[in-house]
Every structure is written in structure tokens, then in C-alpha cells.
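Sequence order for the protein chains is A and B. With our numbering, the residue at position 194 of the first sequence is 194, and numbering never jumps. With our numbering, the residue at position 227 of the second sequence is 1227, and numbering never jumps.
Because the hints were derived from the structure by calculation, they are not lab data. The beta-carbon is built from N, C-alpha and C at its ideal position, and this holds for glycine as well. Some clues are possibly wrong.
Said to hold, decoys possible - Here are some chain A residues pointing at chain B (derived, C-beta under 10 Å):
(1) L22
(2) P44
(3) Y293
(4) K322
Said to hold, decoys possible - Cross-link-like lysine to aspartate or glutamate pairs, in silico, EDC-like; alpha carbons within 20 Å at most:
(5) B:K1087 - B:E1052
(6) B:K1327 - A:D316
(7) B:K1024 - A:E251
2 protein chains.
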Amino acid sequence: MSIPQKKLSIGLFGFGVVGTGLYKVLQQTPSLNAEIKKVCIKHPEKKREAPETLFTVDPDILLNDESINVIVELIDDADAAYYIVSKALTSGKAVVSANKKMIAEHLPELLAIQKEYGTPFLYESACCASIPVIRNLEEYYDNDLLQGVSGIVNGSTNYILTRVAQDKLTFEEALLQAQIEGFAESNPALDVEGIDAVNKLSILLTHAYGIVAHPQEIVHSGIQNLQAHDAVFAKEKGFEIKLVAQAKKLEDGNVAAFVLPQFVDSTNQLYNVRNEYNGVVIESGLADKQFFYGKGAGSFPTASAVLSDLSALRYDYKYEYKKLHNKTAGNLTNDFFLRVYVSFEGLFQVPHERFERIEEWSSSEKKCHVIGVIKFSKLRDSQWWKKKGISVIVWPDAFVTDVVVKEPVEDFLAVV
Amino acid sequence: MSIPQKKLSIGLFGFGVVGTGLYKVLQQTPSLNAEIKKVCIKHPEKKREAPETLFTVDPDILLNDESINVIVELIDDADAAYYIVSKALTSGKAVVSANKKMIAEHLPELLAIQKEYGTPFLYESACCASIPVIRNLEEYYDNDLLQGVSGIVNGSTNYILTRVAQDKLTFEEALLQAQIEGFAESNPALDVEGIDAVNKLSILLTHAYGIVAHPQEIVHSGIQNLQAHDAVFAKEKGFEIKLVAQAKKLEDGNVAAFVLPQFVDSTNQLYNVRNEYNGVVIESGLADKQFFYGKGAGSFPTASAVLSDLSALRYDYKYEYKKLHNKTAGNLTNDFFLRVYVSFEGLFQVPHERFERIEEWSSSEKKCHVIGVIKFSKLRDSQWWKKKGISVIVWPDAFVTDVVVKEPVEDFLAVV
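Just chain A, with the same shape it has in the complex (with noise of 0.2 Å):
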């Protein structure tokens, strides 16, 4: 007895290194029984190693293909990205993206479409790339037990604070080289301020706790900000800087979220993830800790995600979105606290109020650090943190719960 599988006939948009690689894999793999019938580029011009009579610049024409019934769709433009995906799903077709951007600030829509249509949208590559985290949070970790995830989920920022941390470079250097390297864009603003992070989170935590948040909903900031300083401060102590997306549920069931520069110790399996590198650590109830480690970007990880999902088209898998509609875990919140550094340039003064406990603190002309801990609230509602020569790193276990709130005052302590 076999098992049904379905004739796959797929249109593709784009052509790019990660389209190129799915060409030829399914060329070179007939028992994934997927065939590209048409793909739709935005450069005619452009030399390609495939022949011409495949290659469209007329998004209609695959789209309107009775005959094809998976689109996959490996475009940078989030806005056009969003037109192809919804109306490929709105027809009927089902749909394999790698576009995190557009998938997170649409998520309510493409939920939408995808109830009142039924037709299966897969987009493991768009978190992780190679890494099969959200099938897993999709399928394997039930709600009720999940207690948290936390990940470094963006290839290029990790790179950068690898290189900073081992060679001793300064960010600007580290991120030169990482464009030189290719692994960061010629304008990393995505990266380097954590919206590709966020964006990646937003993702994440629909699939892990049934939250639909938009990424402007989360607090995010990314490595733009560190300073020379706040690397040989962790040296010192023997931690590792690193990126991280984060998503916990709380002891009142609530979800706490937040893609912030964190302090990793090395019990922790994410201070091992260095370079270009992806890892996902799963909390769950009685499990411990699950880590998963992988490629996280490129063109090949990203095509062999792209490949699990057409495998599973074959099947008909769709994701069902069970915490979402059958919900047990609580909502975003922001009402938590949480320990961190923040560390400023000399003479400038943070107010204390901005703590609701100090705990260590250290100035000097050229640098200063305080170690306390925030409400979260506050610093979501505030901006003064988000200025150049102000980094925020949260500190290891950071999570603080015997915490009095202050009332607000109005006296302004300089620490310096």
C-alpha cells in the first residue's frame, strides 16, 4: 500500500539563489514528484540556468495557471510578496513562502484568508530557515506545557557579535565584514536593529502560544546600539552578547515577548551559537530544555526548508493553528519585570526612577553601567533607552518576581 501522494506543479517567483538551488534539486530529485512549470522574475535581462521558455515577467500568468497548484514565493518585496501570496490562496492554491517581513505584518489577514479558504500556506523557512522550529512548536509542544522559547534567529546580527567578541573588532568593523562575508545586506538596518528578529518572533509566537501580535506590538531593539565597553564588560564576567527573541509565559499565563541584546552565560546552549548560526532553545514543562541548532539563513538552508514544505504539500499538511483557535495560554503582556544592564557614556545621567531596584552600579569618566531591575511597562513606554550611546543588555535569568513597585517620583538621581 502507498500513501496518496499529490502531483505537485508549482510556479515560482523569483529566481534568485534560493530559487535557483530549488530548480535544480527537483530537476534532480523526480521522486519529490514536483515539477516548476513557470517562473515569474522581475529581470528578463539577467542570464539564467534554466531555460528561457520557463521564465515569465507577468505575475498573472502563473497565478491564473488552472494547472499549477502550489506557488512558491521567494521574493524581497514584502508588499508584492502579500498581493501574490493572498491571491494564490484566495484561488485555491496552496502557498510556500520564505518572507517573515510580509507574513508578519499580515498575519491577521493571511489567517483570515486561510480559514475561509482551507487552502495549506507553509512558511517554515521564513524563522530559522533550516531549523524545523515552527513545525515543531506547530505540532509537537503543546500549549499548556510550553514555558518558553528563546532564540537567536537572525544570522547576520549573530555574526557580527561573534566577530566582535573573538576578534576583537568593533561593531562597525564586525559589520563590514559581515556584508563583506555576505551575510549581512548592503543596508542592514533589518538586521541590525532587530525587525528581521522581530518580525521572526511575531511568527513564532502564533505558532508557540497562539498570540497574534503585530512586530510593532513587541518590544524589539537590536545591536545598533552596543558599545565598545558593554564587550569587555562581558568578557570579564564571561558571558557572550548575543541577540535573542524571546517569548515566556509567566506564572499568571500571560506571555511575556521581546527580541533584546542579551548577557548568555554558557550554561545556557544559546552561548554556544556563534557565527552565522541559528539556535532555538524550547522550554517545556517536563521536558527541560530542548535545543535546536542549524543554518539559519542562506540560500541553501532556506531552499531545504522551502523543500520540506512542498514535501509536506504532498500530503496535504496545512498548519491548523490549534493554540490559536483552541486557546489556553494567556495574552502579550507587559506588565513584568526584568533585571538588565544598561550601560551610558560617561557624564550622562539615567534616572533612577527608570529602576525599581538598583543593585550594582559602576561609573567612570569615559563609562558607566547600571545593573537593576525595570518594568517592563515602563521601558516599552519609554524612549530614553533607544538613544545612541545607550545600550539595555538583559541580564542572565533575568526574570525578577519579588519586586515592590514603586510610586513615581519626581527626583532625578544622577548615578554618574
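With chain A held as given, fit chain B onto it using these hints.
Chain B in isolation, oriented as in the chain A frame:
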């Protein structure tokens, strides 16, 4: 819209630490929609942390109870477990089992029953406990693109190997410590001789490659023959010795599989898997290597995997054994060449003809070793390497393809 969830009414076999933990979690988590209706135990005289009316010593009370729709089997006795599981499946009850020995030894029968009756049979906890390796191989890693799986799947032996490497204990001392710490059975042969690991490899082969092989068909050895001088050698070379269960797709599409001690270098993710932890590296076509890490044994990690299986049953999930039914990988083969290190006590002769090629040798009165290339089928068919005093340890990057097979010769060359 909420997704329909089955209400699970559970008949539980075994009320040891895993069963007790499961009972408590299900009581505390009503949203799991699962209730333990009856528990079958062997020793009614023991004090239990649950109402007396919950227990029986008669398996048939559970198996014949039509209101029970799921059997969870958590007993030690593999024969009794097979009776319970097969009877439950044939009478239409879904089954969750953690019994690797029973599953590995009865895989063909269990597959036939599932095919005939269509009842779900899940056993994620049987391999690496909390690491969802079966589910990922079954659902995510497409057959054709799966290059290899290698894992540390037995926590007891890994704990012993860690103690030997880190604390310079002898193997005997480390085993004793493992028993004291509760990481090894009082009769440790199943672990130490690699039998538990090969049971797990047998199960993994089915989900990775659709290969059904009895554990006895798979070449396996444990750590029982390792000597102190092997540990010293490993340390000098910067290796760690690990007991690795490995499956690898060869160029001809057939699959090599074995459980043997291996020298693992620091470029391998398994290098950092220490103590009672498990880790699995999955190598897939384009995605490079993925690494999964977590607790592989113990009551909580096992209960956690059982819970995930129960949760999946609420949505009627079952293994489809896709790779078995739509088979594209080849068969288990012994027709390949492997680079191994063989050590033996002084004055012992290892026949030259065992090796296709000897690349390095070293001898003294006390300890000798050879590094060379063997034909795996010759190793499989011979007994010389199973003698006490001889260690065979697989070299890093062991698969060798540039070998000209020698004609058998009769001259035994002493390498000491």
C-alpha cells in the same frame, strides 16, 4: 472556530516515576482533555499517590473497557508490553508506548497491525525521550534529501564516557558512579553493550529511511571493551569517545547503519553532548547539519514525550510511515569501507588481512593500536573484535571510498 479535539480516556500500564508524573500532570492540566481512567499495576501492595480505586492488576479490565480509547504502556517487561500493545491496537484503542526494546523487536508485527486496523501507535519517548526525533524524521525530513542521522541515544553510556574523560575514572568506576547517580540500571548490560542504542537505531531507521531491520541485523557494540588507554589516546588527539548510533545514505542509495564507539572531534555537534544528555545530528541534502539536543532519559523527559504523543492523539495524529510505503532509499547494506582504530593489549596479533589498508600503527608491550580501513561486511561477519581486550573505535569522517579491495591472503602479519 475551534478545532475538534478528542477527549482521551486513558488506561495506563505501569505506575512508576513516569506513570505517576503523567497522572499528576494530567490532573493539573484539564485543558489537555485527557483523564486516566484505570491503572494496571504489578505490585498492588505498594503505596501509590492516587486513589486505590484507580488500580487493578488485571490487564483485561483496561483492555476490555470500551470507554477507554487510549492505552499508555510504561512497563519494563517487553513481552507483556507486546501483548498489551497488540491487543489494544487490534481492539481499536490508540497506544502510546515508551518501550524501545519491544517496539524494535516487534516492528514488523506492529506495522502489520497498524496497517490492518488503522489505530494510531505513537512512541516518541522510545527514542531520545524528550527530543522529538521520530516526529521530525517522519514529518519533516524528506527521504530523498536525508543524508544521515547520527546520535548519542543512550544516556547511561554517555554519562559513563563523560566521567571517564572528565574525572579520569576507569570505566568500572564510572559505571559504578552512574549506578549510584541513577543513570544506569543495576543490570547495565542493555546500556553498556549497546543494545538499548541499537533498539533505538532500529526504530530511527524505519522513520528515517523506511528500513525495517531487527536490532540483531544491525552491527552494534557498546563501551564494554573500551580500555583506559583508549581514553588517554582520545584525550591526546583532542577527541571525545562517544557511543554513536549512526545511519548514513551511501552514494548508491543504500544505507549504512551501526552502533559503535566513535572518536568525535570538536567540529561535530555531538562532541559537546555530555553526561546523561542525548543529541542527534540530522544531515539533509541542502540544510547542512541540524542538531537536536535534550534530555534523553529519566522520568520527566519521558513523561513529556508521552504527553506530546497524547496531545497529538487528540487531533487523530498517527505515523503514516511514508518512507516505508513510498520507498525511495535503498536497503541496509554492509558493503562499505570504514576507517577505524583498533587497540589491543600487547603481544596480541591482529591479522593484517582484517584491514584493507593500514594507515598508522603503534605498539608497546602494554598497548598497541592500528588505524586502518576495514570492509564493513568483514567486520560484521567476524568475531575477533568482540573479544575482551580489543577495542574498535570509529575514526572521525570514517567513510572511505578510495579502497581497492584486496584478495584474501593467508599470511598473518603481526603488527606488534
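Y293 (chain A) as chain B interface residue, shortest Cβ-Cβ below 10 Å: holds (4 Å)
(Q) Between the alpha carbons of K1087 (chain B) and E1052 (chain B), is the straight-line distance 20 Å or under? (A) Status violated; Cα separation ~26 Å.
Is the hinted pair K1327 (chain B) and D316 (chain A) satisfied, with a Cα-Cα distance of at most 20 Å? Holds, because 19 Å separates the two Cα atoms, which is no more than 20 Å.
Exercise for the section: Would you settle whether the hint for L22 (chain A) is holds or violated, based on the nearest Cβ-Cβ distance to chain B being less than 10 Å? Expected result: Hint on L22 (chain A): holds, closest Cβ of chain B at ~9 Å, below 10 Å.
Exercise. Hey, does the K322 (chain A) contact hint survive, CB to chain B under 10 Å?
Worked result: Nearest chain B Cβ about 6 Å off; hint holds.
Checking one constraint from the list: CA of K1024 (chain B) to CA of E251 (chain A), max 20 Å. Satisfied?
This hinted pair holds, its Cα atoms lying about 19 Å apart.
| request: Double-check P44 (chain A) for me: the hint is only fine if its C-beta lies closer than 10 Å to a C-beta in chain B. | output: violated (27 Å)
Hint violations for this structure: numbers 2 and 5, all remaining hints satisfied.
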